[in-house]
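Protein chains: 2
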Amino acid sequence: MSQAHTEFKLMEEEQLSVELIEAQYALKNTKGEKNAKSLLILVSGIELAGKGESVKQLREWVDPRYLRVKADAPHPFNPKQTLWQPYARFIPAEGQIMVMFGNWYSDLLSTAMHVSKKIDDTMFDNYVEKMRAYEEDLKNNHVDVIKIWFDLSWKSLQKRLDDMEPSEVHWHKLHGLDWRNKKQYDSLQKLRQRFTDDWIMIDCEDETIRDQQFAQHILRALEHCPVHPTSSGITWQAAEIPEVLLNPVSESVNEDDYKAELKKLTKKVADALRLDNRNVSIVFEGMDAAGKGGAIKRIVKKLDPREYEIYTISAPEAFEISRPYLWRFWTKILPEEKINIFDRSWYGRVLVERVEGLISPLEWQRSYDEINRFEKDLNDHQTVVIKFWLAISKDEQELRFKARQETAHKRFKITDEDWRNRSRWDDYLVAAADMLQRTSTEYAPWHIIPSNDKNAARLEILRTILKQLKAE
Amino acid sequence: MSQAHTEFKLMEEEQLSVELIEAQYALKNTKGEKNAKSLLILVSGIELAGKGESVKQLREWVDPRYLRVKADAPHPFNPKQTLWQPYARFIPAEGQIMVMFGNWYSDLLSTAMHVSKKIDDTMFDNYVEKMRAYEEDLKNNHVDVIKIWFDLSWKSLQKRLDDMEPSEVHWHKLHGLDWRNKKQYDSLQKLRQRFTDDWIMIDCEDETIRDQQFAQHILRALEHCPVHPTSSGITWQAAEIPEVLLNPVSESVNEDDYKAELKKLTKKVADALRLDNRNVSIVFEGMDAAGKGGAIKRIVKKLDPREYEIYTISAPEAFEISRPYLWRFWTKILPEEKINIFDRSWYGRVLVERVEGLISPLEWQRSYDEINRFEKDLNDHQTVVIKFWLAISKDEQELRFKARQETAHKRFKITDEDWRNRSRWDDYLVAAADMLQRTSTEYAPWHIIPSNDKNAARLEILRTILKQLKAE
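Line by line, the protein sequences give chains A and B. Counted from 1, the first sequence has number 169 at position 169 by full-length UniProt numbering; the numbering is strictly sequential. Counted from 1, the second sequence has number 351 at position 351 by full-length UniProt numbering; the numbering is strictly sequential.
Derived by calculation from the structure, the hints in this document are not laboratory data. Some clues are possibly wrong.
Same chains, same label: a pair holds when it works inside one copy or across any pair of copies.
Said to hold, decoys possible - With a straight-line Cα cutoff of 27 Å, these simulated DSSO-like cross-link-like pairs (lysine-lysine) come out: (1) K297 / K70; (2) K70 / K80; (3) K264 / K159; (4) K56 / K297; (5) K70 / K332; (6) K467 / K376; (7) K28 / K402; (8) K332 / K31; (9) K332 / K80; (10) K332 / K301; (11) K394 / K34; (12) K301 / K34; (13) K338 / K56; (14) K70 / K413; (15) K159 / K402; (16) K70 / K410; (17) K28 / K297; (18) K159 / K302; (19) K263 / K454; (20) K301 / K159; (21) K155 / K56; (22) K268 / K80.
Produce the entire structure from the sequences given, and follow the hints as far as they go.
Listed below in structure tokens is the structure:
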């Protein structure tokens, strides 16, 4: 996105307002439609440049009911928190506009400016790269992002500081740096230049021009019609189906050995999870009746429910559907939650959503990278991601379905949907094979567990958790 | 609710499971129906009594997809936080079941047990009374609440401590008191007796009985059919309509005086809001076009958007409708948010919802007390609630509607709905009069502002804010 200084012309206020409101209503009406989008506006800049004033002026020109403003003081870096985590729950739903000042860039700047937690240039650039990738994922999932930097020269800043009311001084001090310090000003400017090349720059010497530039850029962004292509144009290279998925057998264990080993392992796993300083997210995927619930039960055997959270993931609700598909997981995996277990997960995107045709080929094809980035971010911020595919054979599934139907308190586990899914067994195999190949990474490898023998599978899962926790 | 020890019989596990699952499904199907309810289960008790084990066992008997468990370490009291605030967002929606261990009672106990923040018996009882009132409000708004105390004798507790694995000792120490200290145990028992008379008591000497009692009590609660009466049976005593609502005139100010005074007052208000150590919530209600937006603009004139949040309240979304009507405000007014401004508010309950017949007479009649309790809780926890009713005459409204229709960028403010509301002017007047009378309290008084003259109204609002902030 390049600047358009040369094109800039003041508009009649009334005209600007009418066009903004019309664009807002048009955006609002895209909700749930093919051209759906939301707009996220990241605002940062030099203190006293007038970000706040411009936002207030914008609020007067638009219909304020459909513009949300989220303004936070910077969040100091938390090693267990990805840069986007503090903001994830404010990502706008389709049809919404969100102005975020206070965002991942201001956190990065404010952390980098504090000498005590030195961030060198390489790390800084690495953070920027990650944030851009995150924004790209947002855009691909219907959240348009524009970034606006409010700039102010050193001289004007000093003049504004001179003219400030005492009570404002107090407030600005709380939230900013020492803006009287030329060295700090210069290093901030130098730092922000490492990321502002894809930002809209607003020169804030003149207030009227500033407010109009801000509003006009937003107007243009609102009017921008996103195209959501449905095909990538490339021929999809399906992965080969791993042998273990077709023939998921393992050596069986006798009941006595199983019990003894289980007792030992559940205790070891509880200890390992407890004593690890990192957070842990354990993901279970697999065909219906593959044994996900039973495995989870053994993992938490020696834990207290206050130590973990189990999420059973089914179809998203309306307010989740109108946001990026990872959003409901962004907002669940939190720095303060030590152990999360997912009975099905974000992989629904490339399994059920793909197989049932709920999304376009381009969408599921793009999801592998998005998911990998998500897990990499978690891994980089001290969350271990342990993923299990429980593999059973089609015959074994049938046996289990029938057994469930014959047991009164297990009957609820079998629904028409399960039989329908079963009829798509081969499609699910194909989808699973692609998923296993494309999202098995060094930082979050898939563990395929042959699960025709329940007991053997459970022991294997517990051992694998121990292995991954120690290996890293 | 009294105990039913004498009736207790062990059930066949299979039978218990089937009945629990059926009851879960029945509950789920009440969503959006006349008999809608959700179930909130508060769990507390003596450490090692086996709360966690019972919850895990319950999870195996029920369909775990429809049972959420929220388990937190106690939240230390924060003077700006009401007791229910940390838990508000986990209040279950219609059709849902939520087990909360970690709840307002465990916070109260853990705070009271720490000598450094001494809570005397009167304060303690006062807290309990407030929590019970909150639970009553939940029940009246379709959230059934049951409270279960897991008890364990001193002797058994010591034995279980002796038998504990070292890694468990570590974990229990983090979250509990010193359970080897008889004096602490005794004072905890004494304290909890101040509130457990309406709790279900579970004796935890025997694990099987414990798990079954827990599950059976939940089964009974699930099967309990709430009756949602629609009439209170009493004849409603309508309030007299205050003269100022019928004739909302005030002395007008000339433009020069207005400008000078406005400049002075906006600065004073910004300073007062900033320097006050409490949080502030400012509520605007009034007929359409009464000037709410314009007044808000003046309040924030000298503030930076990072210092406040403006909520424009319209009809609730689906996920909000399936929870108590105050829920969306419980989750918005947070200890860390210094200044909240509401352009319309929770009073929609006794205005639009009443006038449009969206709720039963009993519901709106009960809401006044619920709202008063809500505001009292906020006030008791350092949030000042400042409420404005902007009064205009029906003729003045017509003038403003027409002016809006003639101004391009204001036209969006006028919709068919506004004209429809206008046709119900008298009904709204009656509702407003009741509201003003019944929810004007010492801790959160209504300020009725004659607003036919916009400028005079704005100055009056600013002055009133200063007055209420200083007065308290």
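To see whether the hints hold, each was checked on the structure:
no. : hint        : verdict
1   : K297 / K70  : between (40 Å within a copy, 17 Å between copies)
2   : K70 / K80   : both (23 Å within a copy, 21 Å between copies)
3   : K264 / K159 : between (71 Å within a copy, 23 Å between copies)
4   : K56 / K297  : between (53 Å within a copy, 8 Å between copies)
5   : K70 / K332  : both (20 Å within a copy, 13 Å between copies)
6   : K467 / K376 : within (19 Å within a copy, 54 Å between copies)
7   : K28 / K402  : between (48 Å within a copy, 26 Å between copies)
8   : K332 / K31  : both (24 Å within a copy, 24 Å between copies)
9   : K332 / K80  : both (14 Å within a copy, 26 Å between copies)
10  : K332 / K301 : within (23 Å within a copy, 37 Å between copies)
11  : K394 / K34  : neither (37 Å within a copy, 44 Å between copies)
12  : K301 / K34  : neither (46 Å within a copy, 40 Å between copies)
13  : K338 / K56  : between (40 Å within a copy, 18 Å between copies)
14  : K70 / K413  : between (43 Å within a copy, 23 Å between copies)
15  : K159 / K402 : neither (80 Å within a copy, 45 Å between copies)
16  : K70 / K410  : between (47 Å within a copy, 25 Å between copies)
17  : K28 / K297  : between (44 Å within a copy, 24 Å between copies)
18  : K159 / K302 : between (64 Å within a copy, 19 Å between copies)
19  : K263 / K454 : within (16 Å within a copy, 75 Å between copies)
20  : K301 / K159 : between (65 Å within a copy, 21 Å between copies)
21  : K155 / K56  : within (25 Å within a copy, 65 Å between copies)
22  : K268 / K80  : within (24 Å within a copy, 42 Å between copies)
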